[in-house]
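Asker: In case you want the letters, here they are:
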Amino acid sequence: AQSVTQLDSHVSVSEGTPVLLRCNYSSSYSPSLFWYVQHPNKGLQLLLKYTSAATLVKGINGFEAEFKKSETSFHLTKPSAHMSDAAEYFCAANAGGTSYGKLTFGQGTILTVHP
Amino acid sequence: SAVISQKPSRDICQRGTSLTIQCQVDSQVTMMFWYRQQPGQSLTLIATANQGSEATYESGFVIDKFPISRPNLTFSTLTVSNMSPEDSSIYLCSVAGGRRGTGELFFGEGSRLTVL
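Going down the list, the sequences are from chains A and B. Here the working numbering is used: position 36 in the first sequence is 36, and no number is missing along the way. Each number in the working numbering comes from the position in the second sequence (counting from 1) with 1000 added on.
Simulated from the structure, these hints should not be mistaken for lab results. Nothing here was measured: the structure is a model prediction, and the numbers come from that model. Treat the hints with care, as some may be off.
Said to hold, decoys possible - No farther apart than 27 Å at their CA atoms in a straight line, the calculated lysine-lysine pairs in the DSS-like style are these:
| # | chain 1 | residue 1 | chain 2 | residue 2 |
| --- | --- | --- | --- | --- |
| 1 | A | LYS69 | A | LYS58 |
| 2 | A | LYS42 | A | LYS68 |
| 3 | B | LYS1007 | A | LYS58 |
| 4 | B | LYS1065 | A | LYS42 |
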């Protein structure tokens, strides 16, 4: 069975400071991993994905994530937070194969950015 | 990435009624996926809809409660039947992007249902 755990339900940062959103996964397979962002009253937007190529993945809006197999982690980072980054972020995994299209999502992390 | 349009974007419904959500994609896709996001919760897959065949439902979801149609390669509907307040959720339509096996999904903006 596959599971995704986001270690923080809420993260609060000041504008201009670094962002770290933590995600751990558990899977019997080598999963594909994703980060999505959901702004209020909006759908989910794909930020970035890891699919067994480079372990450091760059996404949109300055976000990046590093896949660490030894730690089963896929943490999302950004060097400098912007007010527009305030949103909910979801980490997700896909085991591929017969699970194609089925994403297992973490519980979400709400990011608050203070001026 | 695909452009996915959902209708309605939000609705307020009475207990015991049913509501059909429409999902239109701007390109032909083999599979479409319906997810539910309950208030303050993460996303859960309801079912996978293939054109020309019965939808495949995940554990805990049944066809009588969530009937799905998939009449062509660009359109699908999800009906939430005999609604109760527990069905108040965001329902999201999604399609797969990328090469098979990478599995990222693209989502519509969701249909926000409140059941009174």
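Asker: All hints are to be evaluated individually against the structure, with a verdict given for each.
Answerer: Here is how each hint holds up against the structure:
no. : hint                : in the structure
1   : A:LYS69 / A:LYS58   : holds, 17 Å
2   : A:LYS42 / A:LYS68   : violated, 30 Å
3   : B:LYS1007 / A:LYS58 : violated, 33 Å
4   : B:LYS1065 / A:LYS42 : holds, 25 Å
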